[in-house]
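There are 4 protein chains.
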Amino acid sequence: MLKIGIVGATGYTGEELVKIIARHSKASITSLSAIIDKPTKISDIFPSLTGKCDVVCKELDVDEVSKSCDLIFLALPHRVSMKYVPQFLKNGKKVIDLSADYRLSAGIYEKWYDAQQTDSNNLKEAVYGLPEIDRDKINKAQLIANPGCYPTSIILGCLPIVKQGIAKVDTIIVDSKTGVTGAGRKAALPLSFPEVNENLKAYKVNTHQHKPEVNQELAKVTKKVVDIVFTPHLVPINRGILSTIYLKLKKDIDTKELASVYRKFYRTEPFVRVSSDRLPEVRDVVNTNYCDIGVTVSGSMAIIVSCIDNLIKGAAGQAAQNMNIMCNFDEKEGLIT
Amino acid sequence: MLKIGIVGATGYTGEELVKIIARHSKASITSLSAIIDKPTKISDIFPSLTGKCDVVCKELDVDEVSKSCDLIFLALPHRVSMKYVPQFLKNGKKVIDLSADYRLSAGIYEKWYDAQQTDSNNLKEAVYGLPEIDRDKINKAQLIANPGCYPTSIILGCLPIVKQGIAKVDTIIVDSKTGVTGAGRKAALPLSFPEVNENLKAYKVNTHQHKPEVNQELAKVTKKVVDIVFTPHLVPINRGILSTIYLKLKKDIDTKELASVYRKFYRTEPFVRVSSDRLPEVRDVVNTNYCDIGVTVSGSMAIIVSCIDNLIKGAAGQAAQNMNIMCNFDEKEGLIT
Amino acid sequence: MLKIGIVGATGYTGEELVKIIARHSKASITSLSAIIDKPTKISDIFPSLTGKCDVVCKELDVDEVSKSCDLIFLALPHRVSMKYVPQFLKNGKKVIDLSADYRLSAGIYEKWYDAQQTDSNNLKEAVYGLPEIDRDKINKAQLIANPGCYPTSIILGCLPIVKQGIAKVDTIIVDSKTGVTGAGRKAALPLSFPEVNENLKAYKVNTHQHKPEVNQELAKVTKKVVDIVFTPHLVPINRGILSTIYLKLKKDIDTKELASVYRKFYRTEPFVRVSSDRLPEVRDVVNTNYCDIGVTVSGSMAIIVSCIDNLIKGAAGQAAQNMNIMCNFDEKEGLIT
Amino acid sequence: MLKIGIVGATGYTGEELVKIIARHSKASITSLSAIIDKPTKISDIFPSLTGKCDVVCKELDVDEVSKSCDLIFLALPHRVSMKYVPQFLKNGKKVIDLSADYRLSAGIYEKWYDAQQTDSNNLKEAVYGLPEIDRDKINKAQLIANPGCYPTSIILGCLPIVKQGIAKVDTIIVDSKTGVTGAGRKAALPLSFPEVNENLKAYKVNTHQHKPEVNQELAKVTKKVVDIVFTPHLVPINRGILSTIYLKLKKDIDTKELASVYRKFYRTEPFVRVSSDRLPEVRDVVNTNYCDIGVTVSGSMAIIVSCIDNLIKGAAGQAAQNMNIMCNFDEKEGLIT
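So the sequences go chain by chain: A, B, C and D.
Be aware that the first sequence starts at 0, since it is given in numbering that gives the first Met the number 0, and climbs by one per residue.
Be aware that the second sequence starts at 0, since it is given in numbering that gives the first Met the number 0, and climbs by one per residue.
Be aware that the third sequence starts at 0, since it is given in numbering that gives the first Met the number 0, and climbs by one per residue.
Be aware that the fourth sequence starts at 0, since it is given in numbering that gives the first Met the number 0, and climbs by one per residue.
Next up, chain A with everything else stripped away, as it sits in the complex:
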């Protein structure tokens, strides 16, 4: 059994990681840590875990975790991850970092996260962990930068159409809607129930920090400068992202043909489902690691709808998928319920 440590176990992503590893046939949790008053059973923090996982969650001790684990998931805020990643790597551990710290080039990171990326050596070696882009690199990586939730939904929604040159990349408009767990498990007035419930809002219009992540990855695959227009919205649901993506077509293609392009592109992917006839909805993917994609062509415009569970394919599930790839496990292990 692969011995797993989860740092930041008391957030929503941490909770999902615990659930996935608890049902994994080839990995088991040996360490849970978080900022915490006193050592506490994780099932006392998340009572739904009672009987599934009773490991005690403690304050982080890097050496102790390194000794007891083979692979560490870091579910920490950005800026915090890069303090610990070098230590775990030096101790010879595999690391999957769910923060943004190793996703962007140093200059871009500094601009969008208002912080210095202080671990340039490991940044160079980090692999962006979207299996649908390049799972060979993931397989060989020691450090995975696990993608953001919005970028996962957007990049998977765009990959086939931009990679194959069917749409222009200079005017991609992305209108995303997310559930509230995307903001993390924390006390904050704007996340309070009466502030969110029966409400809808746009926020960080074209200034959200996930925008450069999408630009960077789409630029890599298209070899062109990409600068999406991106408006995220908060909606009163717990989980799920629905991204509606508007692209100008470069050639004449109808809905059926475009769907066929997508289906072919993702043919062998275990966690991307391309809809036909019917557009995907958030509830189709909640509690799953799937990204569901539907396409519509209308005139010269392609309208793509892409849905994920922000905590699973958008975070913990994709992290576990990356672990499976890194460790030569069945890629679906632990991810099908």
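Calculated from the structure, these hints are not laboratory results.
Hints are supplied without guarantee of correctness; some may be wrong.
You can't tell identical chains apart in this list, so a pair holds if it fits in one copy or across any two.
Stated by the list, open to error - Listed next, the in silico DSS-like pairs over lysine-lysine satisfying Cα-Cα at most 30 Å (straight line):
1) Lys66 x Lys223
2) Lys255 x Lys136
3) Lys66 x Lys167
4) Lys136 x Lys57
5) Lys110 x Lys89
6) Lys222 x Lys249
7) Lys40 x Lys255
8) Lys167 x Lys249
9) Lys40 x Lys82
With chain A fixed as given, assemble chains B, C and D onto it according to the hints.
Coordinates of chains B, C and D only, in the frame set by chain A:
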């Protein structure tokens, strides 16, 4: 007191009309009708109305309603309205029709509503009831085609920027999100709580019947062909529409300047509020007749957020605003709580 | 115009008070205060108030508020109110306190609120502000202890049946369900959307601080010791309380007769509606000052359902009703929308 | 592999059954049927099942189903089940019926379900499928009457305290709150999102058809007449039941001791968890087959909180648990995710 009849009183729009007229100082309800098993007090159908309005709701009898009323609101499904409108007009009544039957030119109507507009005479005389476009016409009208909910939010969001030639009109992308009352008060599996709750979906992608209504009205004010790209989405809230509108700018302008254009444009409007510093949210407008608009410029793109309560400014409130204009009442009467 | 000050204007109750006074024909807001970083227009804190009230909210200055106001509403946490109440009273002002500080006898307060009641002089003169118990006392009062939200729903649900000796008072079981605004406007993990949404929980089982308030008031009207069993529950709605009350009957009575007792008892009350045929639901009373009550007799048990909007009849609306009574205004002024 | 047929596969319970069997290591779905326009893949009806189960759902043909299946789950409305159960039994099949048709004695059924129980022979042999009462009987049964959702939560909440004579059984008051899937997957105005959302209501006060089911089962274990007072409430969540149960104690016992009684009673039960320190909440059990129970003693009253997922432990999960017991499978197989 102006004597008011409401036909279709048992829907959500009918309920809101009853509430508004019940608090109006110069109008009172004399007739309520609907498809109904037996005459029933409206407060037995909507118990929240108890003490506010106890008028009995009956099956429609056009002559009886005509005798007892000066002005009739029709809150009926499209195709049904145009059966009754000619009769009420012939009886010399003022009519405010909340269906789509008198909003579009005959050919367009037929194409999008899959039905013949059979009342071409009155169609010619009908005035599209968006006060912010032309309240003089409304003032003189006998028949008002009350705008759709999506079009109200979209047209008001676009009017200043397109009328003043600041943005291109050939690539307007509109991503709208609506609450569930927009679909009407009815038994339908897709509207059932567990189907809607914890879910998000796009529907009728670029094929929604409100698209030609926006195109038509924006074409009128710009004297150009307009063909928006329009994706409506259903979100689990009771009331409210948030439309996010993406337009390409034709000239160099920043957020502050654009906000100033909007503010100037709507300076004298009693029910349009232009936000500064902060984008509008649905809860700012729920239960009000306001349309709140916020603007953002990012590069060559203007991103407009426009919020209304779909049942008030998107239906009953705007209808009452039109009544106030037609009858030379204070335009805000009955609409401020 | 009566000049009104609201202390604690930035909470949900404060917001409702502002709305009510803004539409009141005989009172107007001259002062808003709260713990606040810098003076801020209340409409910048609650954008829905834009155009209704643009008074600036400041840090509290008791003397300044006393100079500019005739009557002060205190929407403050318990323990805090009793610091300011004596000062406003000494300055000759009428005070309506929405905290628990003046509701209970000193010993009971100390036990349930874990704090000393330090203003015993004024405590003696304070009048419990439930108009349905004794509006003459309210009319003559200088200081009102505005009732708690749960107690309002429970006491009104019990008054007729216990006052007339129809049910036993030694085994009253109260199972209440509340919306989340009842917990106040604040940052707290247990109030965060994903923690509350799709969840139900009981809390403070038979230990909630509103229990002695109900006991005290029912004891006063029955002249008997009352000790209810009280379980509050949190449900994912913004507003509303539904209390289900179980009482053992002392005599043979059927549902119709009991309803008739209730109807007679509340005949002249402007804000209590007794349902027949149908039980009240939370949506019937949301955004209103009504308490809706329905009764069922089953064998020797009476089951009473009592619904209020916790922020209106359970707080701000009742406070305004008390103001109307104290100032000889029409009791419904400002409270009907 | 045990071959499974599910009749009534297009309801919420059917959907959950498909999910459970799809992950079961010793059972697989060979037949799905329902009232349906034309044969349709179940994953086209429930897109979340795509990739998990693509069996085609057809109109029911009893003989065909009997040929292809070893065990049949009937997820049908009451009155309908008893038409098919005799045929499947005659064909030698094991049957788990999720309707109420075989739960009650004939006279009681007739009174509460307003229909004749027409299959008295099999009624005699049917075993009430609550494993915590008597799993030996279930093990030997050919026909299981799977318990109702409310009764499961209530009976499990009461069993230890009433069986051991700690509380009186003549004054059990049960206040239950349920999510909306409990009403089934169907088009109905009262289930429409805007009618349920932001609302709370009691319904069928002490007249709900699940009341006699609880009475009957508690009478069996206590050998006393039981007549609970039962008020169900509808709350705006998709899934979950929380029952708050009030019982008069017959002897002096404190919370800790009572919790210890419960813990001992359910010690060996795989799907009952007794909380300590903290009361259970609905989210602890959603998507699981657990019943979580918390107890509080206050004076002479025991207050029990019992939570289940109405679709899992309250329906499909318990049905699968019964299948596991009938077929000598591990009782937890397919039920842990």
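To see whether the hints hold, each was checked on the structure:
{"no.": "1", "hint": "Lys66 x Lys223", "verdict": "neither (44 Å within a copy, 61 Å between copies)"}
{"no.": "2", "hint": "Lys255 x Lys136", "verdict": "neither (33 Å within a copy, 46 Å between copies)"}
{"no.": "3", "hint": "Lys66 x Lys167", "verdict": "neither (50 Å within a copy, 56 Å between copies)"}
{"no.": "4", "hint": "Lys136 x Lys57", "verdict": "neither (33 Å within a copy, 46 Å between copies)"}
{"no.": "5", "hint": "Lys110 x Lys89", "verdict": "within (28 Å within a copy, 57 Å between copies)"}
{"no.": "6", "hint": "Lys222 x Lys249", "verdict": "both (17 Å within a copy, 28 Å between copies)"}
{"no.": "7", "hint": "Lys40 x Lys255", "verdict": "between (52 Å within a copy, 21 Å between copies)"}
{"no.": "8", "hint": "Lys167 x Lys249", "verdict": "both (6 Å within a copy, 20 Å between copies)"}
{"no.": "9", "hint": "Lys40 x Lys82", "verdict": "within (26 Å within a copy, 42 Å between copies)"}
Checked against the numbered hints given earlier, this structure breaks hints 1, 2, 3 and 4; the rest are met.
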